[in-house]
Every structure is written in C-alpha cells, then in structure tokens.
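> Residue-level listing of the chains:
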Amino acid sequence: MNRKALPWGPMARMAGRRLLAAVPLLAVVTFGVFALAAASPFDPAKAYAGSAGLGARRDVLDQLRANLGADEPFVTRWWDWLGAALTGDLGESTALRQPVSHVIGERVGWSVLLCGVAFVVAVSVGTVLGVLAARRRGGWLDRAVTGLAYTLEAAPPFWLGLLAVWFFSVELGVLPAGGLTDTGADVATAGQVASHLVLPAAVLAATQLPWFVLYVRQGVGDALAEDPVRGARARGLRERTVLLGHALRSGLLPVLTLIGSRVPELITGALLVETVFSWPGIASATVEAATKVDFPLLAALTVLATAAVLVGNLLADLLYGLVDPRIGFDG
Amino acid sequence: MGSRTRALRVSAGVMAAVVLAVLVVPLAVPLDEQAVDLGAKLLPPGAAHPFGTDEVGRDLLLRCVYGLRVSLLVGVVAALVATVVGTAAGALAGAFGGWPDRLLMRLVDLFSAVPHLLLGIFVVALFRPGIWPVVASVAVTHWLSTARVVRAEVLSLRSRPYIDAAVSGGASRWRVTVRHLLPAVLPQAGLAAVLMVPHAIWHESALSFLGLGLPTHRASLGNMVNSARGSLLAGDWWPTLFPGLFIIVPTLALAGLAGAWRARLNPRHRSELTL
Chain A
1113 MNRKALPWGP MARMAGRRLL AAVPLLAVVT FGVFALAAAS PFDPAKAYAG SAGLGARRDV
1173 LDQLRANLGA DEPFVTRWWD WLGAALTGDL GESTALRQPV SHVIGERVGW SVLLCGVAFV
1233 VAVSVGTVLG VLAARRRGGW LDRAVTGLAY TLEAAPPFWL GLLAVWFFSV ELGVLPAGGL
1293 TDTGADVATA GQVASHLVLP AAVLAATQLP WFVLYVRQGV GDALAEDPVR GARARGLRER
1353 TVLLGHALRS GLLPVLTLIG SRVPELITGA LLVETVFSWP GIASATVEAA TKVDFPLLAA
1413 LTVLATAAVL VGNLLADLLY GLVDPRIGFD G
Chain B
7 MGSRTRALRV SAGVMAAVVL AVLVVPLAVP LDEQAVDLGA KLLPPGAAHP FGTDEVGRDL
67 LLRCVYGLRV SLLVGVVAAL VATVVGTAAG ALAGAFGGWP DRLLMRLVDL FSAVPHLLLG
127 IFVVALFRPG IWPVVASVAV THWLSTARVV RAEVLSLRSR PYIDAAVSGG ASRWRVTVRH
187 LLPAVLPQAG LAAVLMVPHA IWHESALSFL GLGLPTHRAS LGNMVNSARG SLLAGDWWPT
247 LFPGLFIIVP TLALAGLAGA WRARLNPRHR SELTL
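Chains A and B, in that order, are what the protein sequence lines are. Residues in the first sequence are numbered from 1113 upward in steps of one, following my numbering. Residues in the second sequence are numbered from 7 upward in steps of one, following my numbering.
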C-alpha cells in the first residue's frame, strides 16, 4: 500500500452506517429469540423451579409464572427485556444464579484470550504451510499439506480436543487436561494460565487452520502464475525474493482482508473447544446455558455473538476497501 | 488428470462401501450392537473385536456402523430439508423480485449474522429431545447458502430467450417458475444438497456430543464420542478414536464426489476448495 494518509472520513462513515444498520438487526434477532422461545414447549416457571417444579401444584406454578412475568405475551416480555437491556440489566441467569451481565463480564476476557491466541497461531502457521504448498503445486509437500488441511476440516473439533487431552495429558502427562488453573489454586497466575492455554488454543487453531492454508495456497499459487512474478523472475531475482516479496504479498492480501468474516467459525470452534477443556469462557457458558435452558443467559449470549459477527464483517469490509481502492467504502 | 480420476474413484468406492455397510450390516450380521458384556468391557482392539469394546463391553465396530447409520440418515434428511427450504426461498426471491426478494434476502442476512452452531444449539435447547429438533436445527442454519446459489442461478436464467418465449406465450409467473426455472436450477440444488450432507453430519455430531442432540438410545457417532469421555481420561483411546474416524472418512469421500460433480457442472470454476 502507498504511504498516503488513510481515508479516515469514508471509513468512519461506513462504520457509522453499519452501526445504524446493526441496531434494528440486533433488535430483530432478539425478537426472533423471544418468538422462538414462545413457540417452544419450554416453560420458564418449571425451569426456574428446577426439580422442585416437577411435583408442584398447578396454581403454584401459575403464581411463579406471574411473578416471573412469563404469563404475558412474548412481545411484551421482549419489549420489557429490551428496555431493561438498554439500561444494562440483562436479567438473572437461572443456571448460574448470577446476573447475566456479571457472567459475561467475568468470562468474556478468557474467551477473547483463547480465540485471539488461536487465531494468531492459525494465521501464521496457515501462511507458512500455504506458501510451502503453493511453491510446487502437485508436489509431495503440496499433497501432504492439502491432505492434512482437508482432514482437519472434516475432523470434528471436539474429537481433536479429546484426542489431544488423551495424548498430552493422559499419556504423556505434560499438559493439563482442562480448566484455567491447577485444582486447589485460588489465584490464576500467568504461568498457570499459559500452561492451561496451550492445548485449547492449539486445538482451536487447528480447526481454523484449513481455511487459511487452502486460501493462501490458492492465492499465492495464482500470483505465481501472473505477470509481476514472471517479470521478477525475468529480472533474475532470487526465488526467495520472488516468493516472499512478490507472490506472498499479492496472494496474502485478499486472505487477510477476509479474516474478519471468520468470526462465526471461530465462535463455532470455541463453543466446542471451551466445552472439551472446561475453559471458563462465554462459549462454554453458552453450552451450559443451553443444556439447562437458561433462557436469559442464552438470549444475551446469542445477541453478543451476533454483534461480534457484525463487527467482524465490518472489519473485513474496511480492510477490503483499504487494500483495493476500487471497492471503496460504500457498502 | 490421472490423480483427479483416481481421487474420484477412491471417493466413489469409499461412499459405496459406507452405504453398503450401513444398509447390509444390520440385516446380515446377527450380532446385537446393544449386547452388553460386562466381562469384556474396554478391551483394546484385537482379533475378536477389531475396534475393541466400550465401557459396557459392546463391540465398537458394530456400534460405529450403527452410529454411522444414524448420523448418515439424520444428515441426509436434514440436508434434504435444508435444500428444499433454500431452493424454495431462492427461487421465490429470484423469480418474483421486488419486495419478496428484498424480504427473503434480508432474512438470509439476518440468519447469517448468528453463528451456525449457536443458533442450532438455541433451537435444540428449546425443542429437544428428539430427532426432529436436530433436523430443524440443521435446516434453520443451512438453507442460506442454497438460497443464495439458487437465487443467483434464477436471476441469470431469467434473461434467457426461452423464458421470454414462455412469458410472451402467456405463461403465468407461477408457471414460468415451476415449469421453466425450477427444473433448470435442480442440478445446482442437488449439488448443494450433496455438499451439505457432511455439514449436516458435522452439525448433528457436535450437538450430540454436547448432549443436546439425538437421544442416547439412538446413539449417533457424536453420542458415542460423548459417552466415551470417561474411558478416555482413564487412558482408553479406542472408544473415542474410531467414531471420529467414521465421521471423517465419509465426509472426505462425499466432498470428493461433490467436487467432481461441481467440476462437471461449472467447468470454469477454478477453485479447488470443496468443503
């Protein structure tokens, strides 16, 4: 990219437009969440009462339902929830018996740490493998890397995670099998967190890896067949300079710009990996909330994930506009 | 060309073996996959049990075949439902244009903004237990790509002369859609369905692993991995390893077949990314 100042104005306008569009979208998502819950056989009163609700009399349950506001139509409940959410009150998690905002605040940092480390590992390892594969298309290295990528793509993340636990924790005993700290430890020291982070981050990175490998391979492979590379070769530049200075640069850019659009897959992977490793992030809380039909928590986390996806999309479009000025920031 | 035909042959062969196994084994093999033998629990792979046995002594090879049967059945049904929904939405949007198009495409945007597995978890959490919530969960999250592909295809077909001829011949919009547009997009929709089966199996196995999917008496491969977690921590790897391999192998074979089909349908499509 040239050294001109970044087009802050158009970028800010694009971000502003997207933000305005995101507000109704998020509202509709929450509406859909409440409508779905209303259409389902799920009963908030029974969920709240837990096993005590099994033998409870009908009028007791009705009373509870009235107390919870669950006897009102779902549109009313949705509107009340939305109003409360705007003031920061997301309700009470029935499974964890804590305010939802408290649950999210406590856990979101751990999820961001896990996803961030995994993503950086996936991008760097994916780039190296992709370039190696693209260098000689159809060679043994290319076939090995592509085969590995397709196998990883087909492998369920939870299965990879479990096998990693078995090999590194049970057989070799070199890394902890799950959690954030050693059992019995009260405070999370950096060293403990780091050793507990290795396995989940590696597995999450492995689930994200195939996409990067295959796209970098495609991009660099295509770039190797184009004129700038041919010109560079004709000038007698070293193979290393051609590969890293010319082919990688033009092949990697489109991949990097698409990183933002990988947020949904990252969340999907985190849901499974955090559960396998009992990582105390929001993804494992989501699974827990779903298992116990903790509606307030589930609704809030669905909205949060949707917001994350929208931010990722915005990031992708901003980068794309920066890299390719023909696209611009009109979307 | 050689390696491509070989890959196609291998994929087709594996898929044929898989389909044959899940159809024939339950009929031809007299063994009971649910037969509990506590004297033979957690035997490592060996001559009597090629894949070993699980924590209550059931033969894992037999259980994997039955699990694959369940996973494949649910996967195919779910992929079909998702494809039908997606094709209907895409054809409607493409053929009618105007506000139905805008509405449906906003809906597609809306559904793609929620991560798939999360939306799927939400649906099964509220409607479980059973097979149909799982099918619905796959359909709700997977109709989007088909809708996009079919809509684009319909839009490009609409400008063809034979559609103009049908319209000037007095055919109604409905008739043009059903008689002229839908049959033309069926190959693409079929390809989308085949490509979706591995995704549906993946989705179902993830839900079942989380304990939110199929009921355990109809164990799918995901259920099997979930129930093997205890044995795995005791060091017994085989009840975890083999069900996972039974997910990976058909997925790769189906992707190989779908890739070959796509190369035939869209010869100018250069990307080799099939999954």
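Read the hints as simulated data drawn from the structure, not as lab findings. None of the values given here were measured: they were computed from a predicted structure. Heads up, a few of these hints could be off.
Claimed, not checked - Selected chain A positions facing chain B (in silico; Cβ < 7 angstroms):
id, residue
1, Ala1139
2, Val1405
3, Val1421
Every residue, glycine too, gets a C-beta built ideally from N, C-alpha and C.
> If a hint holds in the structure, say so; if it doesn't, say that too.
Consistency of the hints with the structure:
Checking Ala1139 of chain A against chain B by beta carbon gives a least distance of about 11 angstroms; that is not within 7 angstroms, so the hint is violated. With a cut of 7 angstroms, the hint placing Val1405 of chain A at the interface with chain B holds, because the nearest CB-to-CB distance is about 6 angstroms. For Val1421 of chain A, the interface hint holds, the least distance from its beta-carbon to any beta-carbon of chain B being 5 angstroms, beneath 7 angstroms.
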